[in-house]
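Undergrad: These are the residues of each chain, in order.
Protein chains: 4
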Amino acid sequence: MNVIVDFSVVPIGVGVSVSKYVVACQRVLDDAGLKTNLHAYGANVEGSWDEVFGAIKKCHEVVHEMGAPRVSTVIKAGTRTDRDQSLDDKVRSVESKLERSG
Amino acid sequence: MNVIVDFSVVPIGVGVSVSKYVVACQRVLDDAGLKTNLHAYGANVEGSWDEVFGAIKKCHEVVHEMGAPRVSTVIKAGTRTDRDQSLDDKVRSVESKLERSG
Amino acid sequence: MNVIVDFSVVPIGVGVSVSKYVVACQRVLDDAGLKTNLHAYGANVEGSWDEVFGAIKKCHEVVHEMGAPRVSTVIKAGTRTDRDQSLDDKVRSVESKLERSG
Amino acid sequence: MNVIVDFSVVPIGVGVSVSKYVVACQRVLDDAGLKTNLHAYGANVEGSWDEVFGAIKKCHEVVHEMGAPRVSTVIKAGTRTDRDQSLDDKVRSVESKLERSG
Numbered sequence: 001m002n003v004i005v006d007f008s009v010v011p012i013g014v015g016v017s018v019s020k021y022v023v024a025c026q027r028v029l030d031d032a033g034l035k036t037n038l039h040a041y042g043a044n045v046e047g048s049w050d051e052v053f054g055a056i057k058k059c060h061e062v063v064h065e066m067g068a069p070r071v072s073t074v075i076k077a078g079t080r081t082d083r084d085q086s087l088d089d090k091v092r093s094v095e096s097k098l099e100r101s102g
Numbered sequence: 001m002n003v004i005v006d007f008s009v010v011p012i013g014v015g016v017s018v019s020k021y022v023v024a025c026q027r028v029l030d031d032a033g034l035k036t037n038l039h040a041y042g043a044n045v046e047g048s049w050d051e052v053f054g055a056i057k058k059c060h061e062v063v064h065e066m067g068a069p070r071v072s073t074v075i076k077a078g079t080r081t082d083r084d085q086s087l088d089d090k091v092r093s094v095e096s097k098l099e100r101s102g
Numbered sequence: 001m002n003v004i005v006d007f008s009v010v011p012i013g014v015g016v017s018v019s020k021y022v023v024a025c026q027r028v029l030d031d032a033g034l035k036t037n038l039h040a041y042g043a044n045v046e047g048s049w050d051e052v053f054g055a056i057k058k059c060h061e062v063v064h065e066m067g068a069p070r071v072s073t074v075i076k077a078g079t080r081t082d083r084d085q086s087l088d089d090k091v092r093s094v095e096s097k098l099e100r101s102g
Numbered sequence: 001m002n003v004i005v006d007f008s009v010v011p012i013g014v015g016v017s018v019s020k021y022v023v024a025c026q027r028v029l030d031d032a033g034l035k036t037n038l039h040a041y042g043a044n045v046e047g048s049w050d051e052v053f054g055a056i057k058k059c060h061e062v063v064h065e066m067g068a069p070r071v072s073t074v075i076k077a078g079t080r081t082d083r084d085q086s087l088d089d090k091v092r093s094v095e096s097k098l099e100r101s102g
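So the sequence lines, in the order shown, correspond to chains V, C, R and E. Using the working numbering, the first residue of the first sequence is number 1, and each one after it goes up by one. Using the working numbering, the first residue of the second sequence is number 1, and each one after it goes up by one. Using the working numbering, the first residue of the third sequence is number 1, and each one after it goes up by one. Using the working numbering, the first residue of the fourth sequence is number 1, and each one after it goes up by one.
Bear in mind the hints are in silico, worked out from the structure with no lab data behind them. Warning: the hint list may mix true and false statements.
Since copy identity is lost for identical chains, a pair holds within one copy or between any two.
Stated by the list, open to error - Think about it this way: if two alpha-carbon atoms lie no more than 30 Å apart in a straight line, the pair counts; the simulated DSSO-like pairs of lysine-lysine are:
1) 97 / 58
2) 20 / 97
3) 90 / 58
Construct the entire structure; sequences and hints are all you get.
TA: Below is the structure:
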């Protein structure tokens, strides 16, 4: 089962600057060979369910190892059985309709 | 690694009434022996990372088997290394402060 | 337009214990006269769109005034035009099906 | 008070294809003059609190007018008082650290 995920991480108890923890998670996703798209509020991730959620677990572990006593993530997970869909498909589907009606 | 999760599921493409799918997911969580607390917008779930996320994957599979072509979930996941915390602790921590200051 | 919301708040840059900020937000919701249901990962809130989102804005302001340099909230908002629905209805709808099938 | 938001919308009860509703919301955000960045799981939006949340309310109204009996959105809202930050800043902060450590 493939999944398209949106994923954001907030370390708690490490001060106001959280970007180095976000970077560490992004590296975990990259190292797992997952297709990702970074945006201002997290990252889109595409892959098999087990690979994607394995990487998210690893991200929690890495951020704790970096010293964060609490880690809070928000994950939106979408699966579909009617057809395959990629990250790029999802954006194109909206963008093409915006252009036609613009 | 233990995790406290908030989990909600929206099946897409099956009409306006979604409660039977929510019920099926609740049953998956119960069958997995996980501690849960149902609320109006999802459920809190407490357990080991692998058990909780295994149950969430199973919920996607069950809702697809019931006929939903798309399943969208939102998961908030919190882990902490500074101390153990249960679902009940989290609520009590807020409620006790509300009473003292009320 | 009425709305049923699930709302959680994370202050960033104030250390590992966040419950006093959650309490302050809960008080804002109560003072606004909104029906709420606290759970381990936030609160369900029911009311008119403008009242509910006015209270959420006020919560951000109050948490900043308490000293948090960053405030991050997650809001799930549901509206429906087919019929009225309350917080209690949503939980009862699931619980009654769980009992029948249990 | 400025806010950076991540916003996604799911119409319920209108079948499996939801992109035309997403397009309508994107148009509402654009018409409000808000800076947005579309991604595969929603859109980042930047602006004053009242303008951003006014547009999100309008999005719910428009999607109902298009025929969706239920509309469910997920909103992540971040405010900060320590400094100004834009959508572009947030992404650059992570990307620059990725490059340095890559």
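Undergrad: Hints first: check each against the structure and report whether it holds.
TA: Structure-based check of all given hints:
no.	hint	verdict
1	97 / 58	between (37 Å within a copy, 20 Å between copies)
2	20 / 97	between (37 Å within a copy, 7 Å between copies)
3	90 / 58	both (26 Å within a copy, 23 Å between copies)
Against the hints set out earlier in the document, no violation occurs for any number.
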